[in-house]
Amino acid sequence: MLVTGTDTEVGKTITTAAIAAAAQTAGLKVAVVKPGQTGTATGEPGDADTVTRLAAPATARTLASYPDPLAPLAAARVAAAEPLELYAAVDAIREEAGRHDLVLVEGAGGLLVPMGLRPSGEPWTVADLAVSLGAPAVVVARAGLGTLNHTALTLEALERRAVPAGVVLGAWPAEPELVHWANLTDLVPTLLGVLPDGAGGMDPGVFRRSASGWLTPALYGVLDDWRAWAEDVH
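In this text, residue positions in the sequence shown follow our numbering: the first is 1, and each later residue adds one.
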């Protein structure tokens with residue numbers, strides 16, 4: 001399962017952790033793979049570290065890391081490092097799939113961000129990875145203004161590639177406004193989950209116990225009433 005987003009900083013990592021936690025609560029052995037981690041020069045924990053802290057999956061693995069906070073292919077070029085090759089990523093993910101019940105693959109930025117190179121020398125994206133793996137996608141989106149257009153564009157790109165996809169709102173605000181309620185209503189047909197803003201700052205034990213309540217059964221959760229959740233969560 002690929003976890004992508006409509007943009008950067010929309011909550012992909014916390015959503016990945018929530019799905020991992022809910023799946024483990026359901027009894028699955030989970031691996032999380034981050035194909036390309038950038039911005040490592042800051043010294044801050046990487047996305048796989050954050051997922052490990054919050055959800056403690058059986059495996060959390062990063063395939064390639066680069067110092068600068070850029071798209072992975074650009075970061076590799078700036079660092080004069082070897083870019084991640086598409087089929088090396090595919091093989092690594094399939095290897096984990098042979099040892100786990102569920103593999104979650106967290107992308108970088110949005111769906112069409114250049115991740116690395118194909119053997120031909122052409123760039124590849126998370127969308128290409130989903131097609132190569134035959135995997136469904138979870139699109140993490142913002143709750144606020146502009147999200148309907150960005151989400152529709154991402155879903156359309158996935159539909160053109162015959163990749164099944166649904167949406168998770170990565171950060172539902174503590175004090176939602178009209179725009180948030182309107183977006184929630186419009187996204188319900190594709191909505192697979194809604195995470196509270198600040199979920200990543202929770203105590204890990206609380207996070208793991210709560211995650212199933214943020215996600216629908218399609219993502220190993222129990223959520224089935226969006227408005228009741230959104231009104232009660234804070």
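Keep in mind that a hint or two might mislead.
What the hints assert, rightly or not - Taking lysine to aspartate or glutamate and the EDC-like style, the derived pairs with C-alpha atoms no more than 20 Å apart in a straight line are:
no. : residue 1 : residue 2
1   : Lys29     : Asp49
2   : Lys29     : Glu96
3   : Lys29     : Glu82
4   : Lys29     : Glu85
What the hints assert, rightly or not - Okay, the calculated beta carbon distance ranges per label pair:
no. : residue 1 : residue 2 : range
5   : Asp49     : Tyr87     : 19 to 29 Å
6   : Glu9      : Leu148    : 31 to 41 Å
7   : Lys29     : Asp203    : 37 to 47 Å
8   : Ala80     : Val206    : 22 to 32 Å
9   : Glu95     : Leu145    : 13 to 23 Å
10  : Asp225    : Glu82     : 14 to 24 Å
11  : Val78     : Ala58     : 44 to 54 Å
12  : Glu177    : Lys29     : 14 to 24 Å
13  : Asp225    : Ala74     : 40 to 50 Å
14  : Glu95     : Glu175    : 39 to 49 Å
15  : Gly201    : Gly144    : 28 to 38 Å
16  : Glu82     : Glu175    : 28 to 38 Å
17  : Asp203    : Ala81     : 30 to 40 Å
Rather than coming from a laboratory, the hints here were simulated on the basis of the structure. We treat Cβ as the ideally placed atom computed from N, Cα and C, and that holds for glycine.
These are the hints, each one checked on the structure:
1. Lys29 x Asp49: holds (18 Å)
2. Lys29 x Glu96: It holds: about 11 Å lies between the C-alpha atoms, which stays within 20 Å.
3. Lys29 x Glu82: Violated, at roughly 31 Å.
4. Lys29 x Glu85: Given that 20 Å is the threshold and the Cα spacing comes to 27 Å, the pair is violated.
5. Asp49 x Tyr87: 19 to 29 Å: holds (26 Å)
6. Glu9 x Leu148: 31 to 41 Å: violated (18 Å)
7. Lys29 x Asp203: 37 to 47 Å: With Cβ atoms ~24 Å apart, the hint is violated.
8. Ala80 x Val206: 22 to 32 Å: The hint (22 to 32 Å, Cβ to Cβ) is violated, given that alanine 80 and valine 206 are roughly 43 Å apart.
9. Glu95 x Leu145: 13 to 23 Å: violated (42 Å)
10. Asp225 x Glu82: 14 to 24 Å: violated (48 Å)
11. Val78 x Ala58: 44 to 54 Å: violated (34 Å)
12. Glu177 x Lys29: 14 to 24 Å: violated (41 Å)
13. Asp225 x Ala74: 40 to 50 Å: Since aspartate 225 and alanine 74 have Cβ atoms about 43 Å apart, the given range 40 to 50 Å holds.
14. Glu95 x Glu175: 39 to 49 Å: holds (45 Å)
15. Gly201 x Gly144: 28 to 38 Å: violated (19 Å)
16. Glu82 x Glu175: 28 to 38 Å: Hint violated: Cβ distance 47 Å, outside 28 to 38 Å.
17. Asp203 x Ala81: 30 to 40 Å: holds (36 Å)
Checked against the numbered hints given earlier, this structure breaks hints 3, 4, 6, 7, 8, 9, 10, 11, 12, 15 and 16; the rest are met.
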